[in-house]
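Given the coordinates of chain A, work out where chain B should sit on it, guided by the hints.
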Amino acid sequence: MQTPFVEVDVRPILRAGGEPFEQIMEAVNTLKPGQGLRLFATFKPTPLLTMLASKGFTHEAKELDGGEWEVLFSPAGAVPAKDEHPAGAAASRDGLWPEPTTNLDNRDLDPPEPMVRILATTEAMEPGEVLSALLCREPLFLFPELAKRGHSWRGGYEPDGKTYKVLVRVGEHGGRAA
Amino acid sequence: MVGVALSRWTMTYFAAALVALLAGECLMTAGFGYPAAAVGAPETLALVHVISIGWLSLLMCGALFQFVPVLVARPLHDSWLPLPTLGCLVAGLVVLLLGFLKLGGEIDFAFSYFSVAAALLSLGFALVLWNLGRTLWAARPLPLPARFVVVGLFSVVATVSLGAVFALVLDGASNDILLATASQGLPIHIIAGLGGWLTATAIGVSYRLLAMFMLAPDLDGPTSRGALYSGATALALAIIGGLFAIFFGVNLSAVLGAAGLFGLLAVALYGRDILFLHRERKRRKIELNSRMVGLALASLAIATLLIIALLVAGKFEQHAAAVVFLVAFGWLSGLGLSKLYKIVPFMTWLECYGPIIGKAPTPRVQDLVAEARAIKWFILYYLAVWAATGALLFEVSIAFRGATALMLVATIGIAVQLVKSRMLADVKAMPKMPVDIQRPSLLFSRAS
Chain A
1 MQTPFVEVDV RPILRAGGEP FEQIMEAVNT LKPGQGLRLF ATFKPTPLLT
51 MLASKGFTHE AKELDGGEWE VLFSPAGAVP AKDEHPAGAA ASRDGLWPEP
101 TTNLDNRDLD PPEPMVRILA TTEAMEPGEV LSALLCREPL FLFPELAKRG
151 HSWRGGYEPD GKTYKVLVRV GEHGGRAA
Chain B
179 MVGVALSRWT MTYFAAALVA LLAGECLMTA GFGYPAAAVG APETLALVHV
229 ISIGWLSLLM CGALFQFVPV LVARPLHDSW LPLPTLGCLV AGLVVLLLGF
279 LKLGGEIDFA FSYFSVAAAL LSLGFALVLW NLGRTLWAAR PLPLPARFVV
329 VGLFSVVATV SLGAVFALVL DGASNDILLA TASQGLPIHI IAGLGGWLTA
379 TAIGVSYRLL AMFMLAPDLD GPTSRGALYS GATALALAII GGLFAIFFGV
429 NLSAVLGAAG LFGLLAVALY GRDILFLHRE RKRRKIELNS RMVGLALASL
479 AIATLLIIAL LVAGKFEQHA AAVVFLVAFG WLSGLGLSKL YKIVPFMTWL
529 ECYGPIIGKA PTPRVQDLVA EARAIKWFIL YYLAVWAATG ALLFEVSIAF
579 RGATALMLVA TIGIAVQLVK SRMLADVKAM PKMPVDIQRP SLLFSRAS
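Heads up: the sequence lines are chains A and B, in that order. Under the working numbering, the first residue of the first sequence is numbered 1, with each subsequent residue one higher. Under the working numbering, the first residue of the second sequence is numbered 179, with each subsequent residue one higher.
Excised from the complex, chain B in its bound form:
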């Protein structure tokens, strides 16, 4: 019953993440990486990690440092550690990108880029695990949403470990086990990262946040548990079973196919739960951020159907990049941008007006946002993502670049709305407002 304080560095993570997203969209618009280059080209790998680590992982870490304490009703184990953690993650990402540029011949300077990047990123994610792990451990038994986060944290261990193996091999390690893992382990790395670390965690947090913001009951029934257990089984099969298949020469596709069936069941049960929450909500008129989460969920559903359709048509391998794109930008990024449009104003409101609530007139949280202005950028964003996915499927490179340019414009529009909200730019002057309201810092929250 001690309550939850504002996470000091969450805004810093969000700012760094948005910079990475904008950078990634600039690169795609400029024709850097896939589809202009091969899927496995160093340029594509650089681009993929700008998005997966720079944007999605930093966004997720920032959100978890604020919301894991909310999920388990306990304070974060260490509220200062997120800052050095961010330093390790950003430094590791920069060195990793330099490594890919060296690999592609864009820079000449020889250095053990990949080993250093692996060390920095492993340390960064280990600090994330330590801080969140200690917070979760102290709160056992865990409520259902927090269990999804635990699945996500196990998955990030697998993702980073496999990434470190790839990095060592790229730097010249020649151990047989490392080589075997590196040559076949890529699908496991992607599944553990996108499906485990990012999706399982996002699902867990969304169970709680959507219920909270739509005034719906917290779910802990058979479908939610089913989603957790089938999702965890899918990931365990894909990661542990997949590595087993690589080492013992079993058919990896068969193992991943079995994992996929469990994953499909998990997504279906989750979808059913979210529809239930939407139906049972007490709040009839839901805010823009929750409505836009609907489009992210639609993207997840489309991606799931697309996977099934491509598998049936026997064209999955040819179009896997389009599926990964839709999952990363339609589902995960769409969910992230939509929820940022709630989290940023809420945290800002609490920081600025919390101390004077009841003592002076204060604006509502929704007075910090201008939904009528923001909606067009969100709609443009989702339409552009779906158009870009179509362009990848039909292999029209120029259309892809046009669509990513629109994504870039939409993201800038959303980012401007977020900055305005943080800077209280849309708040109308309140009568009798005490003069000592401190404007918030853009990049961090003051201790509450």
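Excised from the complex, chain A in its bound form:
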């Protein structure tokens, strides 16, 4: 059996000097049976590994670029899903990435219209809101523009291998606040 993961990214909180423990435990407590947790942090959260082990979770920790860590917590006995999709439905279920408020289907637009529509739409959204867009290619020229505007994003190909789904979370300085 493969484990669906709920994703929690506490890197922004840690970078801002905040304490993410409550947020993590809240996510853990709302996990459905069989669900796991995918955690992103700016350091290896060793105390948390021990604590969640006592709650029956095994873990796989992986160091990312820049000293950051990705940790998969699986309920004991479950098999972590390989190639599990970061942009899948699970990503939008945790507290930090709410359900998308806007969904765009840009698959039939001429390039660079898909990028124009995404950037124009995010400008009208509130900080923290999430936009979901379907594309027919990985939007390589879009990512630097999102980064410049302080938005974060996740993306990946859907199981059909042809549709690229990108989730954009509007940053604090983006959107109407800008």
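Because the hints were derived from the structure by calculation, they are not lab data. Given the structure is predicted, the values throughout are model-derived calculations rather than measurements. For every residue, glycine included, the Cβ atom is placed at its ideal position computed from N, Cα and C. Honestly, I wouldn't trust all of these hints.
Stated by the list, open to error - With a cut-off of at most 35 Å between alpha-carbon atoms, the simulated DSBU-like pairs for lysine-lysine come out as follows:
hint : chain 1 : residue 1 : chain 2 : residue 2
1    : B       : K463      : A       : K162
2    : A       : K148      : B       : K606
3    : B       : K537      : A       : K162
4    : B       : K463      : A       : K148
5    : A       : K162      : B       : K460
6    : B       : K460      : A       : K148
7    : B       : K463      : A       : K165
To be verified - Residues from chain B that face chain A, not an exhaustive set, calculated with beta carbons under 10 Å:
hint : residue
8    : G181
9    : V182
10   : A183
11   : L184
12   : V248
13   : A251
14   : A351
15   : P395
16   : R461
17   : G532
18   : T540
19   : R542
Below, chain B without anything else, positioned relative to chain A:
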């Protein structure tokens, strides 16, 4: 998922390349080199390298520094290295041209021109290989279009190495192996350069760009793989097999003939794929740049048929120059000029308007070009290239010069359109446009 930034020096490469193309066309119109001089005359060799290194190779390098990262979804290994690389390539080309002028008696000053040119060009192309190679290596496993680029990069190693051997011999080296290679290696140098470095790479990039701009699916099926494998086999046979034939006294023509069959298969499979992309496209009305690529592909098809016809008639050697001309100007240059008419406006649009998309009204990419004005220059260009090829086939020297003069006029027309697009000259004033839009520099892109 880090995305791809604008390549800072790609515009610099494009500008240098266009200057070389215009210079080459001026020389042909003035009657410099073949057919007024012999195919192997120093003037012809100078002209050939103005086009092959100055125009086509710089164009290809500039495009690859921007689009290899797009093909593999990774940033370029080193975004500053392209500038010193360009310095080496241009300096090497200038010294090489001086060497040919000295060889032809046009200048007197004695100097080891060819050895210095070989060193500078080898260094320049080595830097290209290092930068693109590291970018590709980090992205393994590679998608199909990037594999064509790898074949192209292996071919440029062979082309430059053979060129360096010729250069050393021209400067007086007398080693037996070098002499044997130099005396028979010219066809391999041409095949590796035009067929490998330039054509294989152009095919790879076009698989992706045409699919992107026509809204067609990315191809990775048996025909595309077949095109890759048969093309790579053709080049390996021609280059490795060819050198083997030279060293061991095997019949070189037989080896090159076998390579040609694989090359023919590769071109046929590629042609089939492109027709498929065209049929499957979601975008019904395609832009001028893609339509003009059609004429470049037609030139490739004509060149292929011409090779077959000349071989059957037993007249290939007599007319090889006409085939090389059609491949260089109809296929490679036509493809390059047509794609420049998309790449330059797109990069300019992204540089100027990317930061304000959604915050203020912005023009579309197509608002940066005036297709109705540009189309006549493209049509004139292709007609002139085909006329010049005919003039070479029928050996009418004056008609050739007339046709190359028309090519020159058409290229100036296209270049003016490209500069206007870069300078945002055709963009109508937008209402409420923020005043802080910086006009782009003609020669480089600002860091994004």
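Results for each hint:
{"no.": "1", "hint": "B:K463 <-> A:K162", "result": "22 Å, holds"}
{"no.": "2", "hint": "A:K148 <-> B:K606", "result": "27 Å, holds"}
{"no.": "3", "hint": "B:K537 <-> A:K162", "result": "30 Å, holds"}
{"no.": "4", "hint": "B:K463 <-> A:K148", "result": "33 Å, holds"}
{"no.": "5", "hint": "A:K162 <-> B:K460", "result": "14 Å, holds"}
{"no.": "6", "hint": "B:K460 <-> A:K148", "result": "31 Å, holds"}
{"no.": "7", "hint": "B:K463 <-> A:K165", "result": "26 Å, holds"}
{"no.": "8", "hint": "G181", "result": "3 Å, holds"}
{"no.": "9", "hint": "V182", "result": "4 Å, holds"}
{"no.": "10", "hint": "A183", "result": "5 Å, holds"}
{"no.": "11", "hint": "L184", "result": "8 Å, holds"}
{"no.": "12", "hint": "V248", "result": "6 Å, holds"}
{"no.": "13", "hint": "A251", "result": "6 Å, holds"}
{"no.": "14", "hint": "A351", "result": "47 Å, violated"}
{"no.": "15", "hint": "P395", "result": "7 Å, holds"}
{"no.": "16", "hint": "R461", "result": "6 Å, holds"}
{"no.": "17", "hint": "G532", "result": "5 Å, holds"}
{"no.": "18", "hint": "T540", "result": "7 Å, holds"}
{"no.": "19", "hint": "R542", "result": "8 Å, holds"}
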